[in-house]
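S.K.: The residues making up each chain are set out below.
2 protein chains.
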Amino acid sequence: MFKTVEWKNNTVVMIDQRVLPDREVYNTYRDCKGVAGAIKDMVVRGAPAIGVAAAMGVALGALKIKARDMKAFKKEFDKVAKLLASTRPTAVNLFWAIERMKRVASDNEGLGVESLKKRLVAEAREIHRDDIEINRRIGKFGGNLLKDNSTVLTHCNAGALATAGYGTALGVIRGAIEGGKRVAVYADETRPFLQGARLTAWELKKDKIDVTLITDNMAGYIMKKGLIDAVVVGADRIAANGDVANKIGTYTVALLAKEHGIPFYVAAPLSTIDLNIKHGDNIPIEERDSTEVTHLKGKRIAPKGISVRNPAFDVTPNRLVTGIITEKGVVRRPYANGLKALFSK
Amino acid sequence: MFKTVEWKNNTVVMIDQRVLPDREVYNTYRDCKGVAGAIKDMVVRGAPAIGVAAAMGVALGALKIKARDMKAFKKEFDKVAKLLASTRPTAVNLFWAIERMKRVASDNEGLGVESLKKRLVAEAREIHRDDIEINRRIGKFGGNLLKDNSTVLTHCNAGALATAGYGTALGVIRGAIEGGKRVAVYADETRPFLQGARLTAWELKKDKIDVTLITDNMAGYIMKKGLIDAVVVGADRIAANGDVANKIGTYTVALLAKEHGIPFYVAAPLSTIDLNIKHGDNIPIEERDSTEVTHLKGKRIAPKGISVRNPAFDVTPNRLVTGIITEKGVVRRPYANGLKALFSK
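Chains as they are written, first to last, in my numbering: chain H, 11 to 355; chain W, 11 to 355.
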C-alpha cells in the first residue's frame, strides 16, 4: 500500500498527488520550505494530511535551526510555524497541527534545544500515528450507518491520500466493508483538480472496492435514478454550528441529496472542527489560480484571456447535513451542542 | 463571424467544434455519411444545429442518389433519412428536421427526381435561414425577461455554435444586449465535452460579451454569493408537460436556481418541443463513450480500466422551469396547455 506522507530519516516523504494516477512518485523534502511548497502546490492535500504534513514540516524546520540557546531557537521556530501556516487558508487541521507543535515547544522549553527538537519530531510522528487511528474509529462509527448492499456517492478525495492513511469518508466505506457489508461507490471527478477521477478512483481501485466515475454534473442524474443510498464526504473545516467547508461542489451534492431524500454524512476528525468559528460564512475560502480551470495536464481547454473564478471550497449549511462522523461518535442536529460536547468527552 | 453549418456548392461545411477554441477549422462534407459521422462525433452539436445539419445531410444524400425513377429514388432516400436519424437519440430537432425533409419529398413526388432534389436542397437551406430568424425572435422575447445590469448563468453551449447562428440561450443574452441592457455571463465549463469552457466562452468573448468561466460544481457557490440574477439554458427535447431534456448537469443547475430563488429559463424553438412525449421520463437519454470522461485532449485523467457512466443529458422537471422562451413567446405553467397552444397559433 502507498504512504501518503511519512517521516523518514529526518526527511518528509510524500506521494506526489499531482501526477497520480499516471505515476506513483515519492518526493523527499529536507527542509520546511520544501514541505510548505508541497502543501501550497498540492503535492499533498486533504485536510488531515495537510495537518500531518504541516506538523512534520514544523519538526523538520525545528531540526534545521542552528541556534543553540532557547530564546534564539524560539524566534526561528516561530518563523517556521508562520511559514507553514501561510500555505493554505481553509483546512483548519493545518492550524490545529501547527498550534499543537507550538504548544509542545512552549511546554518543553526546559528540555533545552536539542532535546526539544527530538520532542517535536516525536510529536509530529505521533500526530501521524494518531491520524490513522482516528480514521479507523471514524470508519467504525460511520460503517455502522451504511446498510448492506449500499451505494455511496463521494465527492473529492477524503481517502487514505487525504489523511495519514485509511481516510475519513473513504474510511467510512472501508469500515463498512470490514464490517462485512457490500458497498459500491460513485466518485465525482471533482473539477478542477480532479481529486475524484485521479485519487479516489485510484485508491479504491487499488483496494478492489467497486467504484464508478462520473463527472460532477452527473450526480443529480444518478441520484434521480435511485442509484445512491448515502453520500459521505470529508471536510476542511466545520464551524461551531455544524456548517461544513469542504471541496467546491460539496454544497451542491448536499442539496441534491436533500432533494432526493438521501442521507448526507460528513466524516472528519475533531481537528477539523473549529469552535472559534460560529458559522460557515466566516470560514475563509481559498481562491486558487485560474490555470487550474483553464488548463489540464498543461494543455489549455478554454480561450486565452478568459475570466475565471476558482474558489477551492464551499460551505454546506448544517441543515443539509444528516450527521457528522467523528472519532468520538456521530453528531446529529442540533450541532452546536453536539460538537461542543465532543471536546469535553 | 464564424458559420456553424453552411450549404456551399453542394457540400456541407461545418466548423469543427471538437478543436475549438484552439483552432477555427472548417470541415467540408460531400456525402450524407460524412454529415452523419460529423453529427455522431460532435463536430456539430446543439439541438437546432443538429437539426439543420441533418436536413443538409438529407439534401446531400438526395443529391447523390443515382436512381432516375421516383420509386427507386424514394427507396434510397429513405435509407439516407434512416442513416441520419441513427446518429443521436435525444435532440428531437434531428427527427423534426428529417421528418420535414421526408414530407417535402412525399409532397413533391410529382416534380420528378431532378427537380425534387433541388426542392430538397432549397428546403434544407430554408431550415437554416429559418433557424437564425427563430433565434432572433427567441432573443427578443427572452431579452425582455432580463433586467438591466443582470448576470446570467448558462450551462453548456446554446449559442450561435449550437444553432444556425445567434443562439437560443445565448440568443436571449444577445437580445437583451441589443435591447440596450448590460448583461454579464457566467459559463459552466460543462464536463465532459466542455461546451461551456470551449464554445460558450469562445463565442461570447468573440462577441465582446462579459463572460466568466467556472467549473460545473462552482455554480452553487456563485449563486449562494448572490452573483446570479437568472439562469438561461437551451434544450434538446421538451416533453408535452414541460419537462426539459438538456445537457447533463442542467437538472442540478435548475435545482440550485430554485433553492436560491433565481428564475430558470429554457430557450428553445418549437422544433425542440415533442408533444408526442408526455413527460421527461420517456425521453431517450444518450449514454456516450467512457473515454469522454476518462480522457481530455487525448490524455488519460483517470485510472486505466475504471468504470464510468456518461449520460449526455438529464431531465429537468417542469416544476423547476420558470418559463420556456420560444419564437412564439414565453410559455409559463401550466406547460401542457401553453405548449400545445403554441402549435395552433
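By construction, these hints were calculated from the structure, which means they are not laboratory data.
These figures come from a predicted structure and were not determined experimentally.
Just so you know, not all the hints are guaranteed correct.
A pair holds if it fits inside one copy or across any two, identical chains being indistinguishable in the list.
Subject to a maximum C-alpha distance of 30 Å in a straight line, what follows is the list of computed DSS-like cross-link-like pairs (lysine-lysine) [as the list claims (entries may be wrong)]: (1) LYS18 to LYS191; (2) LYS235 to LYS112; (3) LYS216 to LYS309; (4) LYS92 to LYS234; (5) LYS350 to LYS43; (6) LYS157 to LYS307; (7) LYS235 to LYS355; (8) LYS84 to LYS18; (9) LYS307 to LYS127; (10) LYS150 to LYS85; (11) LYS18 to LYS350; (12) LYS314 to LYS216; (13) LYS234 to LYS18; (14) LYS218 to LYS234; (15) LYS309 to LYS338; (16) LYS50 to LYS307; (17) LYS128 to LYS112; (18) LYS127 to LYS150; (19) LYS74 to LYS314.
S.K.: Up to 30 Å between alpha-carbons, please classify LYS150 paired with LYS85: within, between, both or neither.
M.R.: neither (42 Å within a copy, 67 Å between copies)
S.K.: Could you figure out if LYS235 and LYS355 sit no more than 30 Å apart (CA to CA) within one copy, between two copies, both or neither?
M.R.: Neither. Shortest intra-copy (41 Å) and inter-copy (37 Å) distances fail the 30 Å Cα cut-off.
S.K.: As a check of your reading, is LYS218 near LYS234 (CA-CA no more than 30 Å) within one copy, between copies, both or neither?
M.R.: within (27 Å within a copy, 38 Å between copies)
S.K.: Is the C-alpha distance from LYS18 to LYS350 at most 30 Å within one copy, between copies, in both cases, or in neither?
M.R.: neither (36 Å within a copy, 72 Å between copies)
S.K.: When Cα atoms must be at most 30 Å apart, do LYS307 and LYS127 count as within-copy, between-copy, both, or neither?
M.R.: Answer is neither: 40 Å inside a copy and 49 Å across each miss the 30 Å cutoff.
S.K.: Check LYS128 against LYS112 for me: Cα-Cα at most 30 Å, and say if that holds within a copy, between copies, both or neither.
M.R.: For LYS128 and LYS112, only the intra-copy Cα distance (14 Å) is at most 30 Å; the inter-copy one is 84 Å.
S.K.: If the cut is 30 Å between Cα atoms, do LYS350 and LYS43 qualify within a copy, between copies, both or neither?
M.R.: neither (35 Å within a copy, 67 Å between copies)
S.K.: I want to check one pair: LYS18 and LYS191. Are their C-alpha atoms no more than 30 Å apart within a copy, between two copies, both, or neither?
M.R.: Classified as neither; 36 Å inside a copy, 62 Å across copies.
S.K.: Could you figure out if LYS92 and LYS234 sit no more than 30 Å apart (CA to CA) within one copy, between two copies, both or neither?
M.R.: neither (47 Å within a copy, 32 Å between copies)
S.K.: For LYS216 vs LYS309, is the C-alpha pair at or below 30 Å within one copy, between two copies, both, or neither?
M.R.: both (28 Å within a copy, 21 Å between copies)
S.K.: I want to check one pair: LYS314 and LYS216. Are their C-alpha atoms no more than 30 Å apart within a copy, between two copies, both, or neither?
M.R.: Close across copies (11 Å), not inside one copy (38 Å); limit 30 Å.
S.K.: For LYS234 vs LYS18, is the C-alpha pair at or below 30 Å within one copy, between two copies, both, or neither?
M.R.: neither (48 Å within a copy, 44 Å between copies)
Checked against the numbered hints given earlier, this structure breaks hints 1, 2, 4, 5, 6, 7, 9, 10, 11, 13, 15, 18, 19; the rest are met.
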